[in-house]
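> Below are the chains, spelled out letter by letter.
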Amino acid sequence: MNISLNITETIQEWLMSMMPEGVASIAAMVTVALIYLIIFAVAGLYLVLLERRVAAWFQLRIGPNRVGPLGLLQTMADALKLVSKELTGTIKADKFLYNLAPYFVIVSSLMALAVFPFTKEFQAFDINIGIFFLIAISSIGVIGILLGGWSSNNKFALIGAMRSGVQTISYELSVGLSLLTMIVITGSLQLSEIVEVQKQGWLILQGHVPAIIAFMVYMIAGTAETNRAPFDMVEAESELGAGFHTEYSGMKFAYFFLAEFINMFIIAAIATTVFFGAWLSPFGITESLPWLGVFWFLGKTLILVFLMMWFRWTFPRLRVDQLLTLEWKYLLPINLINILIMAIIVWLNLTIKF
Amino acid sequence: MSYFSDIYKGIKTLLTGMSVTGKYFLTSRKGAITQQYPDNRDTLKMFERFRGEVVMPHDENNEHQCTGCQKCELACPNGSIEIIWDRGIDEATGKKKKFIDRHIYHLGLCTMCGLCIEACPTDAIVWAQNYENSTYDRTQLTKVLNRPGSKVKAGIED
Amino acid sequence: METTLIKSNFKSEEYFINMGPQHPATHGVLRLLLTIDGEIIKKVEPDLGYIHRSIEKMCERDSYQQIVHLTDRMDYLSSHINNEAVCLTVENALQLDIPDRVKVIRTILGELTRIASHTLWWGVMGMDVGALTTYFYGFRDREMINDIFEETCGARLTMNYNIPGGLMFDIHPNFVQRTKDFIKHFKTKLPEYDTLLTGNVIFQKRMKGVGILSKEDAISFGASGPVGRGSGYSCDVRKHHPYSAYDKVTFNEALKTEGDTFARYQVRIQEMWESMAIIEQLIDNIPEGDVQVATNAVIKLPKGEFYQKVETARGELGVYIISTGTKNPYRVKFRSPGFSNLSLLNHIAVGGKIGDLVASMATLDLVIPDIDR
Amino acid sequence: MTNEALQKLINDWIPDLEFSEEESQFLNITVKPENLHQLMSDLKSNKETSFDYLFCLSGVDWQPELGVVYHLESTTHRHIIVVKVKTTDRENPVLDTVCDIWRTAEFHEREVFDFFGIKFNNHPNLKRLFLTDEWEGFPLRKDYEDEINMVIK
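Residue numbers (our numbering), protein chains in the order written: chain A, 209 to 562; chain B, 330 to 487; chain C, 18 to 390; chain D, 14 to 166.
Where hints are given, some of them may not hold.
Unchecked claim - Simulated pairs of lysine-lysine, DSS-like, Cα-Cα distance not exceeding 30 Å:
no.: 1; chain 1: C; residue 1: Lys204; chain 2: C; residue 2: Lys60
no.: 2; chain 1: C; residue 1: Lys265; chain 2: C; residue 2: Lys197
no.: 3; chain 1: B; residue 1: Lys352; chain 2: B; residue 2: Lys341
no.: 4; chain 1: C; residue 1: Lys344; chain 2: D; residue 2: Lys140
no.: 5; chain 1: C; residue 1: Lys317; chain 2: B; residue 2: Lys400
no.: 6; chain 1: C; residue 1: Lys197; chain 2: B; residue 2: Lys359
no.: 7; chain 1: C; residue 1: Lys273; chain 2: B; residue 2: Lys341
no.: 8; chain 1: C; residue 1: Lys273; chain 2: C; residue 2: Lys317
no.: 9; chain 1: B; residue 1: Lys352; chain 2: C; residue 2: Lys197
no.: 10; chain 1: C; residue 1: Lys225; chain 2: C; residue 2: Lys204
no.: 11; chain 1: C; residue 1: Lys265; chain 2: A; residue 2: Lys363
no.: 12; chain 1: A; residue 1: Lys363; chain 2: C; residue 2: Lys225
no.: 13; chain 1: D; residue 1: Lys140; chain 2: C; residue 2: Lys60
no.: 14; chain 1: C; residue 1: Lys206; chain 2: B; residue 2: Lys338
no.: 15; chain 1: C; residue 1: Lys201; chain 2: B; residue 2: Lys359
Claimed, not checked - Label pairs and their calculated CB-CB ranges:
no.: 16; chain 1: A; residue 1: Tyr311; chain 2: C; residue 2: Tyr32; range: 27 to 35 Å
no.: 17; chain 1: B; residue 1: Leu373; chain 2: C; residue 2: Lys265; range: 37 to 45 Å
no.: 18; chain 1: B; residue 1: Gly360; chain 2: A; residue 2: Ala235; range: 51 to 59 Å
no.: 19; chain 1: D; residue 1: Asn134; chain 2: C; residue 2: Asp164; range: 35 to 43 Å
no.: 20; chain 1: B; residue 1: Leu438; chain 2: C; residue 2: Tyr67; range: 37 to 45 Å
no.: 21; chain 1: B; residue 1: Asn459; chain 2: A; residue 2: Pro490; range: 31 to 39 Å
no.: 22; chain 1: A; residue 1: Tyr254; chain 2: D; residue 2: Glu149; range: 42 to 50 Å
no.: 23; chain 1: B; residue 1: Tyr460; chain 2: A; residue 2: Ile420; range: 54 to 62 Å
no.: 24; chain 1: B; residue 1: Leu438; chain 2: C; residue 2: Asp164; range: 37 to 45 Å
no.: 25; chain 1: B; residue 1: Thr471; chain 2: A; residue 2: Asp529; range: 52 to 60 Å
For the record, the hints were derived by calculation from the structure and aren't laboratory data.
C-beta: ideal position from N, C-alpha, C; glycine also.
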């Protein structure tokens, strides 16, 4: 079987046969962007459904099962409902920022998707500072949340937004440092090279103890960065009602909601790429069929997504000061020492390679 | 040192918590505690003492057991029962006797306290087990319990 | 985690926020006027009356049998105990000799009510601190008790099973078996509550040292029930002024001396164990006999004043009836536990964060209709 | 302490106390409004009585008097006493607050103010608790009439 998944080049070559080079490049970019947008909007909706089903099973319920076979169309129906809903808002809101905020959030989370290597070829944009790009992009989302909370002219929203600012700024550090620990092994920020290094064994095995610590720190900080329970200070429905999106309705609310789930996917996908060998199959069992990489990538990502859901439906929420204590007194020092250990291990060549 | 033991203990308690939810996740298909209402209407059965609404049973001759003594009306705390009664000649004995014209029951006012049924000396009114009492129109909640043309069963005295 | 506030030259301004009457953490239509400085609570002022029905005034026009069903609607989570309180007041006033069977059944139902209330509280408490799954585990166990109630009394929540002079009718034949089944089931599930939530490190950090109420303050504020006992104040009416069959059973009063939210939490968990112990002592020994003492159709209390206190799931419920000898009471006052417990919210929440306020409020276990009688 | 001993002890403190055990299961003391606060603080602070738990505070409309009934219990000695205070002034009834002695009285007195219109001197925050500020009349008084909201049987 010879399916070419190198979509950017395929599309560009196909377009170039029809129009001049400059136009074709732009048209190819737009096409790829649209494909990604559609795929991940739908994927985000199904993540919502997955979350609801998983939550139901944790909670001895059945979950959505009415719309469509096995309830598969439930979130589609929800999205349709949200599209058709009236967009309400407060009178004294800062209209421009208020309307801008949801797009900030959704665009920044969709941008991050471009760099993931779903297979060797299925990667829209193999930038040479991949990890750096991801970290940079994922921290833009918080601006949208801050804008939304600030401009809503609602005190609950404002408290939520401020909490979000505090939280994301702190945990950004741990996400970055724990990924940096792994960069010590790979020696490259480019995602395709990180995957290449892992052909000798997934990084979580190569780096053994410090890698596992880095993974745990990453998962905690990543959960915090997506503002999900047990770190959902931003929404904290028993304290702030709905937090920063209290005043949003209809499609604008849907953007926030969808962004949360896409962010969760992104956090899991980064972990898959950096710790679990991206599209590489375990022991290379499907090396001859490279298109199966999509399956492996999504499989690993969904397992991590499930782990985050498991956290959410088990743990109580932290208080806002405990959240910062956890970051500054526990995760950060552990992380710094962990980098040192990792550096020593790499220096002494103690990594495990298969 | 307590710094590290805190971390260890903390992670341990988190994992034990996750084991509880994880166990239910795996067995949840058997143990769903929610009901698929209204799909299960046919199998959903209320307990025999369930207080759905007050009804007045009639037998095959369209006869009920209410003598119109108004004890239920007095017992009701919020005026859900109104009895419109009259006096007539009893055909069997030829004496003057009280009988009900209409036994009006306002389901919308009823708090299902059961005092009327306790008070009834002839067991003329009982609880029905139906549980779907909602209507689109409030006037439908006012019900006349005795059927048209019904009369009191012979031998029931107040 | 203790935090230290650093004095700085930044000008900070207190602001006002309106929590409720529609808010997920207030469990009903309670409105709290909060004055906040950043995240720190400066003042909590409850605004009540959103569902006040003036039950006390309604009682003045009702007969004594009719009062009972109104009390269902005060603290609806311990409706059976509320009913019992009114019935006991009337029975004591009439000096009726209540059969042992009635006393034992009332005690069993009362303890089942307490477990049902505490399981609901546990679920909702977990939800307030962010663990959403506890809600369903709590409700799963509560549903079994509600089924027992429904089979015997005919209603799940507002049971109105007591009448002055005994019970409305006898227990259902399945009652004993169902109760035993429930106890067996719940003994396996209650330890799970501990593994899921009590031991959890996040939960402990959230609860310990939060909302501290000293013993002196607890007495001064009239705290009762688990709130008082969490502060080391022995206030169990079942121990100090036993009613029904509580003088025949042995049980421990759950006491903690810390006075924080975690102590109140532990007291309630402990109380569920004690309630199960009480039920186990009684369920096999329900004496035979009548379930009613004949009373006049129109009950007239002798002239005088009558007071009866009982221990509901929330604390001490007092029923104060002034009678002038007619068929209606002259004045009825319900001393509800929630009302006194709410009054200390400002005292324990000030200085904490918004999250602490929610946790404190959850362990006060407020039922709003109980406050807005 | 038994009711007799209590009566004997308290009787010496303040003049014009009326004691009664009729028609009630507790010892009742009726006190003049001007002596109320003094008696209450004595009842709490005295080592032998130490009534530190005010478990019920109810307003009562005795017609024509308005009054308040205090149910007190001692958590150390476990004895109970009832204190009653009455005022004949229906237009502007004023009593002393006891919320500096028992803090629970703060809410209970607000409730009494709300429903009976009895004002309490020195109360820190005396305003309507359940009803709106613009509500007219005091619903739990016997002469209160509201043709719209009250259903009279």
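> Now tell me if each hint is right for this structure.
For each hint, the structure was consulted:
In summary, the hint linking Lys204/C to Lys60/C is not supported, as the alpha carbons are separated by about 41 Å, beyond the 30 Å threshold. A distance of roughly 20 Å separates the Cα atoms of Lys265/C and Lys197/C; the hinted pair therefore holds under the 30 Å criterion. Between Lys352/B and Lys341/B the alpha-carbon distance is near 16 Å, which keeps this suggested pair within the 30 Å criterion. About 34 Å separates the Cα atoms of Lys344/C and Lys140/D, which puts this hinted pair outside 30 Å; it is violated.
A distance of roughly 17 Å separates the Cα atoms of Lys317/C and Lys400/B; the hinted pair therefore holds under the 30 Å criterion. Among the hinted pairs, Lys197/C with Lys359/B is consistent with the structure: their alpha-carbon atoms are about 23 Å apart, no more than 30 Å. Annotation: proposed proximity of Lys273/C to Lys341/B holds, straight-line Cα distance about 26 Å (limit 30 Å). Taken as a hint, the Lys273/C and Lys317/C pair is broken in the structure, with Cα atoms around 44 Å apart against an allowance of 30 Å.
Taken as a hint, the Lys352/B and Lys197/C pair is honoured in the structure, with Cα atoms around 25 Å apart against an allowance of 30 Å. Straight-line distance between C-alpha atoms of Lys225/C and Lys204/C comes to about 26 Å, which keeps the hinted pair within the 30 Å bound. Simply put, Lys265/C and Lys363/A have alpha-carbon atoms about 55 Å apart, too far for the 30 Å limit, and the pair is violated. A C-alpha spacing of about 28 Å is found between Lys363/A and Lys225/C, which places the hinted pair at or below 30 Å, so the restraint holds.
About 17 Å separates the Cα atoms of Lys140/D and Lys60/C, which keeps this hinted pair within 30 Å; it holds. The straight-line distance between the Cα atoms of Lys206/C and Lys338/B is roughly 23 Å, inside the 30 Å bound, and the hint therefore holds. Pair hint Lys201/C plus Lys359/B holds up; C-alpha atoms about 20 Å apart against a cutoff of 30 Å. Our hint of 27 to 35 Å for Tyr311/A and Tyr32/C holds, since their Cβ atoms are close to 29 Å apart.
Between Leu373/B and Lys265/C the beta carbon distance is about 39 Å. The supplied range of 37 to 45 Å therefore holds. Checked against the hint of 51 to 59 Å, the C-beta distance between Gly360/B and Ala235/A comes to roughly 55 Å, which is consistent with it. A hinted range of 35 to 43 Å for the beta carbons of Asn134/D and Asp164/C is inconsistent with their spacing of about 54 Å. Taking the beta carbon of each, Leu438/B and Tyr67/C are about 22 Å apart, not inside 37 to 45 Å as hinted.
Under the hint 31 to 39 Å, the C-beta atoms of Asn459/B and Pro490/A, about 59 Å apart, miss the expected range. Our hint of 42 to 50 Å for Tyr254/A and Glu149/D is violated, since their Cβ atoms are close to 59 Å apart. With their beta carbons about 55 Å apart, Tyr460/B and Ile420/A fall inside the hinted range of 54 to 62 Å. At about 28 Å, the CB distance of Leu438/B to Asp164/C disagrees with the hint of 37 to 45 Å.
Checked against the hint of 52 to 60 Å, the pair Thr471/B and Asp529/A passes, with Cβ atoms roughly 58 Å apart.
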